[in-house]
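Residue numbers (this note's numbering), protein chains in the order written: chain A, 406 to 623; chain B, 6 to 251.
Calculated from the structure, these hints are not laboratory results. For every residue, glycine included, the Cβ atom is placed at its ideal position computed from N, Cα and C. A few of these clues could be false.
Said to hold, decoys possible - Calculated pairs, BS3-like style, for lysine-lysine (alpha carbon to alpha carbon, straight line, at most 27 Å):
#1 K27/B <-> K7/B
#2 K588/A <-> K517/A
#3 K106/B <-> K622/A
#4 K622/A <-> K27/B
#5 K27/B <-> K106/B
Said to hold, decoys possible - Computed list of chain A residues with no C-beta within reach of chain B, every gap over 10 Å:
#6 L566
#7 N586
#8 V612
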Amino acid sequence: MTALYRYLMTSVLLSQRYLPPTLIFLAAMAVGTTSDNGPLQSSYAFCVLAMLVCTTWLTVSIVNHEDHTQRQITVVMMGSSLRVLAVTVAVVVTWCLPLLVIGLVYPIVTGKHEITPGDLAVGAAAQLGAALVGMAIGLLCSRLVIRRIGIAMLTAAAAILVVLLLRWVSPIRQIMTVLSNDKPAGTNAGPLTLLAVLSGAILLAAVVVTGSIADRKE
Amino acid sequence: MKAGELLALIGANGSGKSTVLKLMVGLSRPSTGTVQRTARVVSYVPDVFASHDRLSASSYLRHLGRIRGLSTQAARARATELLDLLALSGGADTPMRKLSKGNAQKVALAQALLTPPRLLVLDEPWSGLDATAHATLRELLTETAEQGAAVAFTEHAAEVVRSTATRVCELERGVLTTWTQQLSLTEISLVPGTHIDWSRHPDVLEVRRHDAGLTLTLPTGSHDAALLTALNHGWSVTTVRQVTAE
């Protein structure tokens, strides 16, 4: 598994496919949170939105990176397509971690806020939840599930809108609601952590569904 | 399939050859019935190996060697050995996306042989290969089968199938229509030296005498010893060719 992780990681690193979503995320941070003097939780609400879009994009880019026949070889070598998918998701998580750190630190560095440990916990839990949901959408819109890139892009855009607008489809709307209430960060940290856990469960379900669909499509 | 067997799947386009191969390696699931696979180390060569990867061929093989459980040094050495054997040493450091079809096919073949497989499955492996690599691949497949692997491949060229396979299976719209056991033989034509009674030689199946000398028929793989005996007794070898007996 470690050797497969190293192979996929090196391949993605050389491909530079991670650059566009990362740069867009940085640009969004610069535009949306620089010199913000309001509550830190409001800045993090913007980060959640940017994180959701960029992790979806990043996931699609990384999962689609390996060519179809190249992936077939890897799957036969590993003896299980689910194992390959799990390692691919581990690579995606690795690439999303720097975004999480940037999303957490950038608003603090560039804005003027009073920071408490509760604020950091809120920011981390909220953005982690968004990243996990973004990865789940990215997986389900990857080539493993939707072969045509145009349809995949439209589906991903529609899915992002749906999770932002509808309350009970995913934890995203709930995360945004919690971040925009006026309660202190310490009070919000608990519910946001639970929502992040729920997002993790959604990602797990997406991995299983993607693996199953990819096997059937082969 | 048995260990040591070289099975050729033949049939028209769309007859289901590639599907059978994918079922064998577990890439596809059967709609009905079951596939039993006991081999643990399985290698697969797809019909077209298209890669847009910026990884070089040697780096790609090194990574896959590590996945196969080789140490970094062993993976590097094996990758270099296979690339040399398949005459790709010049392109070893070229990113895979820049490789020609034939050279990409060589990389696909090399990855399948990084460690000795128990089941080797190849979908039209000769496609796009030059003449030298063509012969090398035939030797590699025979060697792999001799090491105890079951080897299955698809191929349209009848000559290649005859000279390589020990068994031929013909498919028509997904249905097995013929199943033929074939034995690969080698004919050696010799000009006599000092006397040898070839009829007593354990590997010789047939001796045919003619004006220029004689021609021996032996099973492919066991003709080396006969050749050595002939040369040691001052015989000259005029031709060596593979034939097939069904």
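These are the hints, each one checked on the structure:
Pair hint K27/B plus K7/B holds up; C-alpha atoms about 18 Å apart against a cutoff of 27 Å. This hinted pair checks out: K588/A and K517/A have alpha carbons roughly 19 Å apart, not beyond 27 Å. Restraint check for K106/B and K622/A: the C-alpha separation of about 26 Å stays at or below 27 Å, so the hint holds. At roughly 12 Å between alpha-carbon atoms, K622/A and K27/B fall within 27 Å of each other, so this suggested pair holds.
Between K27/B and K106/B, the direct Cα distance comes to roughly 22 Å. Compliance with the 27 Å bound is thereby established for this hinted pair. Against chain B, the non-interface label of L566/A holds: every CB pair exceeds 10 Å, the least being about 31 Å. At roughly 47 Å from the closest C-beta of chain B, the C-beta of N586/A stays outside 10 Å, upholding its exclusion from the interface. With a least CB separation of 19 Å from chain B, V612/A remains clear of the 10 Å interface cut-off, as annotated.
Every hint from the earlier list agrees with this structure, and none is contradicted.
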